[in-house]
Each structure stands twice: as structure tokens, then as C-alpha cells.
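**Student:** Each chain is listed here by its residues.
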Amino acid sequence: AQSVTQLDSQVPVFEEAPVELRCNYSSSVSVYLFWYVQYPNQGLQLLLKYLSGSTLVESINGFEAEFNKSQTSFHLRKPSVHISDTAEYFCAVAGGGGNKLTFGTGTQLKVEL
Amino acid sequence: DAMVIQNPRYQVTQFGKPVTLSCSQTLNHNVMYWYQQKSSQAPKLLFHYYDKDFNNEADTPDNFQSRRPNTSFCFLDIRSPGLGDAAMYLCATSSPGTGTEQYFGPGTRLTVT
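Here the protein sequences come in this chain order: A and B. Quick note on the numbering used here: the first sequence kicks off at 1 and runs consecutively. Quick note on the numbering used here: the second sequence kicks off at 1001 and runs consecutively.
Read the hints as simulated data drawn from the structure, not as lab findings. Where is the CB? At the ideal position from N, CA and C, for every residue including glycine. Hints may contain errors.
Counterexamples of contact, computed for chain B against chain A with all Cβ distances above 10 Å [said to hold, decoys possible]: (1) Asn1028; (2) Asp1059; (3) Gln1065; (4) Thr1111; (5) Thr1113.
In silico SDA-like pairs for lysine to any residue, Cα to Cα no more than 25 Å straight-line [as the list claims (entries may be wrong)]: (6) A:Lys49 with B:Gly1097; (7) B:Lys1038 with A:Pro12; (8) B:Lys1044 with A:Ser3; (9) A:Lys100 with B:Arg1068; (10) A:Lys49 with B:Thr1026; (11) A:Lys100 with B:Glu1101; (12) B:Lys1038 with A:Asn41; (13) A:Lys110 with B:Gln1041; (14) B:Lys1044 with A:Thr105; (15) B:Lys1044 with A:Ala17; (16) B:Lys1038 with A:Pro40; (17) B:Lys1044 with A:Ala87; (18) A:Lys110 with B:Lys1044; (19) B:Lys1038 with A:Ser84; (20) A:Lys100 with B:Ser1040.
One side of the interface only, derived from the structure: several residues of chain A facing chain B at Cβ under 8 Å [stated by the list, open to error]: (21) Phe14; (22) Phe90; (23) Ala94; (24) Asn99; (25) Lys100; (26) Leu101; (27) Phe103; (28) Gly104; (29) Thr105; (30) Gly106.
Produce the complete structure using the sequences and hints provided.
**Tutor:** Below, the structure is given as C-alpha cells:
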């Protein structure tokens, strides 16, 4: 069985400040890790994913996440946030065969001026 | 553009009155998923299809059924909606294989009166 923990339900941050959204996972098998973003009243969009290889993965809009196997973490970071980054962010894990995703409970990122 | 479409975006039904939500895709993906997402919670997988092979999650209530008449379309039927079934229902698709990206539709927000 797999599980994902997102400890922070809400993260307020000022525009242009750095942010880190935390994600820890639990799995007995090799995992694939994802960050999805959800804007209000919309579906989820893939932000970035780790499948194998380099433990640092980046998105096109400046987010990055680092897979840390020893700490079972996949934290999401951005060095300078923008108002448009305000959204709900979900960490998810897939593994053990098949492509079923187990999501964390989400972190609401609120960027303020 | 290839995409996942959900209709309607907003659906209001009465307590106990059957309702059907629809999903279509132009991605030609083998796998289609239905998730239930309640307010401020993680998406919860209800079931998925691998081609015509139906896979029900163990804790999905019998009240929820699904049909996939062809590759492009998938339907979610709620036979007797209760107040607790009010939620956002998300459809997603993917190619087969662990770690492949799931593409989400915009969701249908169901209200039960």
C-alpha cells in the first residue's frame, strides 16, 4: 500500500518570495512521483514528475522538485513565486504495477502582494 | 488540441434521482479513470477502465456505476444520489504503464438537493 502526506494544508507567501511545499510518501516498492496543480473549478494539470534518473526535476514555469529516497520526500520548490501561482498543489505517487495514483490531501498556495 | 472533455460542467440533481456524467477524450488513450473530489480533499479513485476491462476500487459504493461504450467515451452513473455524493467528479485518461501521465478533464461539479 502507498500513501502520501502533505503536512501543510495552506501556505501563504508574498509575491517574489521563495516557497517550498512538502511531500512525503510511503511505499514498499519503487515509486513514481508527481506534482499536480489545480486552479479553481478546473481539473488537475501535471506540473512535474520523477520516474528515474536525475533526482531533480523541473517544470517549465520555474518549479522544481527533488526526489530524496532516504527521506522518502519529494518537496516542491520555487525560488520566486508569482500571483498566478495561487492554486492547490497535489503530490501523488504511483507504483507497484499499474498506473493508479494515490494523492496527498493537497496544499493551498496563496500568493499575496 | 487533444483533450479530455466533461459534460456538463455543473449538474444539479435531486436526492435519489439518477444522474449520468459524461467524459470524452480525443487522446486515444486506453485507460480512463473516474475520481471523486470533495471540497478541500484529495481526488479519490472510484474506478478505471483499461480498454473495456473494468476495475472497481474496493471501497467504491455500489451506488456508483460506469460504462465505456467505446475508446472515446466513458460515463459515470449515480443510481440514487445522496447528499454525501455532492462533489467534483474528475475524469482522467492515460496510456498504459506505470508512471505515465494522467490527463484530467475540467470536472463536473455535482450538487444534490
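**Student:** Next, verify each hint and record whether it holds.
**Tutor:** Status of each hint after checking the structure:
no., hint, result
1, Asn1028, "holds, 16 Å"
2, Asp1059, "holds, 13 Å"
3, Gln1065, "holds, 19 Å"
4, Thr1111, "holds, 13 Å"
5, Thr1113, "holds, 20 Å"
6, A:Lys49 with B:Gly1097, "holds, 15 Å"
7, B:Lys1038 with A:Pro12, "holds, 22 Å"
8, B:Lys1044 with A:Ser3, "holds, 12 Å"
9, A:Lys100 with B:Arg1068, "holds, 18 Å"
10, A:Lys49 with B:Thr1026, "holds, 23 Å"
11, A:Lys100 with B:Glu1101, "holds, 10 Å"
12, B:Lys1038 with A:Asn41, "holds, 12 Å"
13, A:Lys110 with B:Gln1041, "holds, 17 Å"
14, B:Lys1044 with A:Thr105, "holds, 10 Å"
15, B:Lys1044 with A:Ala17, "violated, 32 Å"
16, B:Lys1038 with A:Pro40, "holds, 13 Å"
17, B:Lys1044 with A:Ala87, "holds, 19 Å"
18, A:Lys110 with B:Lys1044, "holds, 24 Å"
19, B:Lys1038 with A:Ser84, "holds, 24 Å"
20, A:Lys100 with B:Ser1040, "holds, 21 Å"
21, Phe14, "violated, 23 Å"
22, Phe90, "holds, 6 Å"
23, Ala94, "holds, 6 Å"
24, Asn99, "holds, 5 Å"
25, Lys100, "holds, 6 Å"
26, Leu101, "holds, 6 Å"
27, Phe103, "holds, 4 Å"
28, Gly104, "holds, 6 Å"
29, Thr105, "holds, 5 Å"
30, Gly106, "holds, 6 Å"
The structure fails to meet hints 15 and 21 from the earlier list, while all remaining hints are met.
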